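Top to bottom, those sequences are chains A and B. Residue numbering for the first sequence follows the numbering used here, starting at 1197 and increasing by one per position. Residue numbering for the second sequence follows the numbering used here, starting at 514 and increasing by one per position.
These are computed hints drawn from the structure, not numbers from a lab. For clarity, every value in this text was computed on a predicted model and none was experimentally measured. The reader is advised that the hints may include incorrect statements.
[Stated by the list, open to error] No farther apart than 30 Å at their CA atoms in a straight line, the calculated lysine-lysine pairs in the BS3-like style are these:
hint	chain 1	residue 1	chain 2	residue 2
1	B	K591	A	K1232
2	A	K1213	B	K581
3	A	K1232	B	K537
Here is how the chains run, residue by residue.
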Amino acid sequence: SQELEQSPQSLIVQEGKNLTINCTSSKTLYGLYWYKQKYGEGLIFLMMLQKGGEEKSHEKITAKLDEKKQQSSLHITASQPSHAGIYLCGADIPSGTYKYIFGTGTRLKVLA
Amino acid sequence: DAGVIQSPRHEVTEMGQEVTLRCKPISGHDYLFWYRQTMMRGLELLIYFNNNVPIDDSGMPEDRFSAKMPNASFSTLKIQPSEPRDSAVYFCASSSGLSVSEAFFGQGTRLTVV
Chain A
1197 SQELEQSPQS LIVQEGKNLT INCTSSKTLY GLYWYKQKYG EGLIFLMMLQ
1247 KGGEEKSHEK ITAKLDEKKQ QSSLHITASQ PSHAGIYLCG ADIPSGTYKY
1297 IFGTGTRLKV LA
Chain B
514 DAGVIQSPRH EVTEMGQEVT LRCKPISGHD YLFWYRQTMM RGLELLIYFN
564 NNVPIDDSGM PEDRFSAKMP NASFSTLKIQ PSEPRDSAVY FCASSSGLSV
614 SEAFFGQGTR LTVV
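Looking at chain A on its own, in the form it has when it is part of the complex (with noise of 0.2 Å):
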């Protein structure tokens, strides 16, 4: 069945660190998204990547899918306390019908 990988499972870093958060699939993924939560709150939506090679920024975070489109890797730069949450990858499924995973998350801490 397919999964989503998470690396690594936590994450504590000293504020203004860089990090980098790692989403692997066994399979091609027709979308990867990804998603913060913070502790007991719902997602919410960061960034979707669907092409091969793609790359995309939203302040201090960037995302990027490779070429074969099975790993997604999230990369902080200059962590702030306000990064602190979890971190989730998702993909859609290519089947027949709806199918949606999510990893099982990353927690990060950042330490003023």
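We have chain A already, so just place chain B on it with the hints.
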């Protein structure tokens, strides 16, 4: 619009009791999704509706779980009887399209079954 509204935000109940979670989607959204989030399994789709009709409930774990959407502005997820392993955060999301990238999530209901 106030966004997707879920209630209650927190629920603690005893094993065997019935639990009902509620969701008010964003007005005009045709799709409504129920998700469950646990540490072990992450975020899982339980069921989704399109125009108040359940389309795919293959994610519903057991017959103890049921979901309804009597009208476009209200949905419920019921667990009867509840068990400790049902403890999780349950999210409702609504969308104008099928892709979850367009969905707006509620703040979730944290359910604890003791």
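Verification of the supplied hints:
Between K591(B) and K1232(A) the alpha-carbon distance is near 27 Å, which keeps this suggested pair within the 30 Å criterion. Our distance criterion of 30 Å between C-alpha atoms is broken by K1213(A) and K581(B), whose separation comes to about 46 Å. Between K1232(A) and K537(B) the CA atoms are separated by roughly 22 Å; this keeps the pair inside 30 Å, and the hint holds.
Figure legend: structure checked against the earlier numbered hints; the only hint not met is number 2.
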